[in-house]
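Visitor: What follows is the residue order along each chain.
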Amino acid sequence: MPIEANGKVFETDEEGYLANINEWEPAVAEAMSKEDDLDLTDEHWDIINFLREYYEEYQIAPAVRVLTKAVGKKLGKDKGNSKYLYGLFPYGPGKQACRYAGLPKPTGCV
Amino acid sequence: MSDVKKFMYLNRRAPYGTIYAWESLEVVLIGAAFDQEVSLMFVDDGVFQLVKGSDTSESDMKNFTPTYRTLGDYGVRHMYVDKTSLEAHGLTQDDLIEVAWEDWESEEEVDNIVEVLDSEELAEKLGESDVVFSF
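Line order of the protein sequences matches chains A and B. Every position in the first sequence, counted from 1, becomes a number in the numbering used here once 1162 is added. Every position in the second sequence, counted from 1, becomes a number in the numbering used here once 197 is added.
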């Protein structure tokens, strides 16, 4: 289902992931989170921006285990655990945060 | 865990042009979640999978060469490259990407897990593996 943000229409796949990562803009994340009844805070944006940087560097969405470790290393140990990340993204930090960030679904995520 | 097996992914084909290299890489990424001891080996045209500075913009394939650099984060411990194949293609280790590995609990670090070995050493590594996947 396409998603509307910032007056534009963005194509998505059948699971709601953005069809073209290069089209992403912050308004897409805002629109997606609104559909999930979630207010994006700075803490959410830290993770979304982290995922975009990771993708930029490695060309894949990280597995949740790798994400958790990498967040701990970059943003501090108190944030590098599933409790914190699931608190922010209740549908799963891998799936939900990657979707907001415009990334494809993480490899190996079912 | 007592039943950790040694998995070896043997890569023998050029990265772009066929789907084998990407498929192999995806299996490694998925398999890393199962806490096995994972090593990769690059032989024949497979050595091109690790050549840095690849540019796929003229082809229809995504450039996944940068993805190999995150394999250390996925628990891959060794990446072996066949010296003979490298030389046959006029390449040296300087042409290859570097992959860092770090144990995030003990903070033990290895700057580069990419290792160039001769045929004898490669045969030894293959022999030590419990499972070999060939792509």
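Take these hints with a grain of salt, some might be off.
[Stated by the list, open to error] Part of the chain B face toward chain A, derived, beta carbon under 10 Å:
1. Arg209
2. Ala230
3. Asn260
4. Thr264
5. Asp270
6. Glu299
7. Val307
8. Phe332
Since the hints were derived computationally from the structure, they do not count as laboratory data. Predicted, not measured: the structure shown is a model, and the values here were computed from it. Every residue, glycine too, gets a C-beta built ideally from N, C-alpha and C.
Visitor: Taking the hints in turn, state whether each one holds.
Guide: Consistency of the hints with the structure:
no. : hint   : in the structure
1   : Arg209 : violated, 22 Å
2   : Ala230 : holds, 6 Å
3   : Asn260 : holds, 7 Å
4   : Thr264 : holds, 5 Å
5   : Asp270 : holds, 5 Å
6   : Glu299 : holds, 9 Å
7   : Val307 : violated, 16 Å
8   : Phe332 : violated, 16 Å
Of the numbered hints stated above, those contradicted by the structure are hints 1, 7, 8, listed in ascending order.
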